[in-house]
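Engineer: Listed in order, the protein sequences are those of chains U and D. Per this note's numbering, the very first residue in the first sequence carries number 1; after that it's consecutive. Per this note's numbering, the very first residue in the second sequence carries number 1; after that it's consecutive.
Since the hints were made in silico from the structure, they are not lab data. One or more hints might be untrue.
Derived DEER-like restraints, expressed as beta-carbon distance ranges [what the hints assert, rightly or not]:
#1 Glu68(D) with Ala128(U): 54 to 62 Å
#2 Cys59(D) with Glu237(U): 28 to 36 Å
#3 Glu272(U) with Glu68(D): 33 to 41 Å
#4 Cys59(D) with Glu302(U): 49 to 57 Å
From the structure, some residues in chain D lie toward chain U, with a derived Cβ separation under 8 Å [claimed, not checked]:
#5 Ser13
#6 Ala30
#7 Ile34
#8 His39
#9 Asp43
#10 Arg49
#11 Gln53
#12 Ile55
#13 Ala57
#14 Ile61
#15 Val69
#16 Gln73
#17 Thr74
As the structure is a computational prediction, the values presented were derived from the model and not from experiment. All C-beta atoms in this analysis are idealised placements derived from N, C-alpha and C, irrespective of residue type, glycine included.
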Amino acid sequence: MIYLDNAATTWPKSPGVGEAMLYFLDHVGANPGRAGHRLAVDAARIVYSAREAVAELFGAPDPLRVVFGANVTEALNLALRGLLCPGDHVITSSMEHNSVMRPLRALERQGVGVTVVGCSSEGFLDPALVEAAIRPDTKMIVLNHASNVVGTILPVAEVGQIARRHGLLLLADVAQTAGAFPIDMQADAIDLLAFTGHKSLYGPMGTGGLVIGERVDPSLLEPLKRGGTGSRSEREEQPDFSPDACESGTPNAVGLAGLEAGIRWVLQRGVEAIRAHEMALAQQLLDGLQAVPNVTVYGGLEASRQTATVSFNIRGMEPSDVGLRLDDEYAILCRVGLHCSPAAHKTLDTFPGGTVRFGLAALNTAEEVRAAIEAVRQLSRQAQ
Amino acid sequence: MTPDGYAVILVHSTSHAMRVERLLRDEGIACKMIPVPRHISSDCGVCIRILCQEIDAACCILEAAHVEVESIQTI
């Protein structure tokens, strides 16, 4: 079996992730932050270590500004719904996932102005167009760091500088790049960083969060939910300090144990080394697929300008049929369709049909890529 | 070491307590996480117990790291 659905969720996980989760369940297991006994303290230490790992990976100075949640979608909702009010204006790109588009469309109905800046048909964004879209009431720019459809990298750092010049906040959705592409909140001028644990951080599903930069006052962030935090228990009002303000309820501590192990593996291997490996695989895949007759490959077609996620179609064959036959006949697992990103597919002119997506990750090999290209070649011969 | 009494460092939350523990242990200051003594606060969280003689050193470390401390009390 060849697993190429890593842009949705990486699998297999990196060494140590499963062990860390099993250790938590078998030997720790208590509720972090809800008691002072040794197991509760051990659990709290594990959760805090996960905060430290996240802060180290993204160059965030204070682990207490790492707010954990279920996934990047929750983190994006927290940032968008927690900071934008009717009368505010927000700018985004036409390559966004619905995890950004749907909260924005809902906010739009409540009186938040939304401008979607168009990207090129390869999926790239011109920062000058973002700057041109800024209005007096603009408060935030929210940007996908890399497309989940074609992997194209958006100019987060350049837009971050634009945001700083205009006194705006930059919210970066790093679902596709965290662990696979170097990210530094300071250098990239990211004020709010929304990440998920289950992709290239190699953690389990149900982990993710929002890292709050120094230009944002955490007490101004309206929580998505309120409840028990284990702190200020004498009061019936929600605490206003990070991370407790936005972390009500028992956290997914077993998941965070796994997330920390995944991030430690990424840090040990090195994001630059992972990036080099994935870039080589991506170029091999791009070149190989382009050489197959009847195959259209989308995006920039240069590995240096994208992640290791590649979208394509075989002429005369529906993406759903390609996906089914790859699974049934070649045991190659991928994702087909619109990938929760109708805006991106409209930009790429692949809407509503969608594409076949191969998402590579650090544990894929050149041999797997070769086999995937060969499978597509065989299918394309049978097309039309 | 001659016991000369303990002090507890009270912070906003367990997450803050974990940060304090990490910072102090990295600098060689012995500390133990304990439930917040009932006579100090009705909170259900934890605090950090250190030796009284290390209060000054601990304060310096926490100040340098910009950790917000609610109070430090001898027990």
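Engineer: Next step is simple, just say for each hint if it's right about the structure.
Structural biologist: These are the hints, each one checked on the structure:
1. Glu68(D) with Ala128(U): 54 to 62 Å: With a Cβ separation near 41 Å, Glu68(D) and Ala128(U) fall outside 54 to 62 Å, so the hint is violated.
2. Cys59(D) with Glu237(U): 28 to 36 Å: Given about 29 Å between the Cβ atoms, the range holds.
3. Glu272(U) with Glu68(D): 33 to 41 Å: About 35 Å separates the Cβ atoms of Glu272(U) and Glu68(D), which means 33 to 41 Å holds.
4. Cys59(D) with Glu302(U): 49 to 57 Å: The hint (49 to 57 Å, Cβ to Cβ) holds, given that Cys59(D) and Glu302(U) are roughly 54 Å apart.
5. Ser13: holds (4 Å)
6. Ala30: Since the shortest Cβ distance to chain U is 15 Å, the answer is violated.
7. Ile34: holds (6 Å)
8. His39: Violated. Min distance 14 Å.
9. Asp43: holds (6 Å)
10. Arg49: Given a least distance of 10 Å, the restraint on Arg49(D) is violated.
11. Gln53: It is violated, given that the least Cβ distance between Gln53(D) and chain U is near 23 Å, above 8 Å.
12. Ile55: violated (21 Å)
13. Ala57: violated (22 Å)
14. Ile61: This hint is violated: Ile61(D) lies away from chain U, its Cβ roughly 15 Å from the closest one there, beyond 8 Å.
15. Val69: Status violated, d = 12 Å.
16. Gln73: Constraint on Gln73(D) not satisfied, violated at 16 Å.
17. Thr74: With Cβ-Cβ at 19 Å, over 8 Å, it is violated.
Checked against the numbered hints given earlier, the structure breaks hints 1, 6, 8, 10, 11, 12, 13, 14, 15, 16 and 17 and satisfies all the rest.
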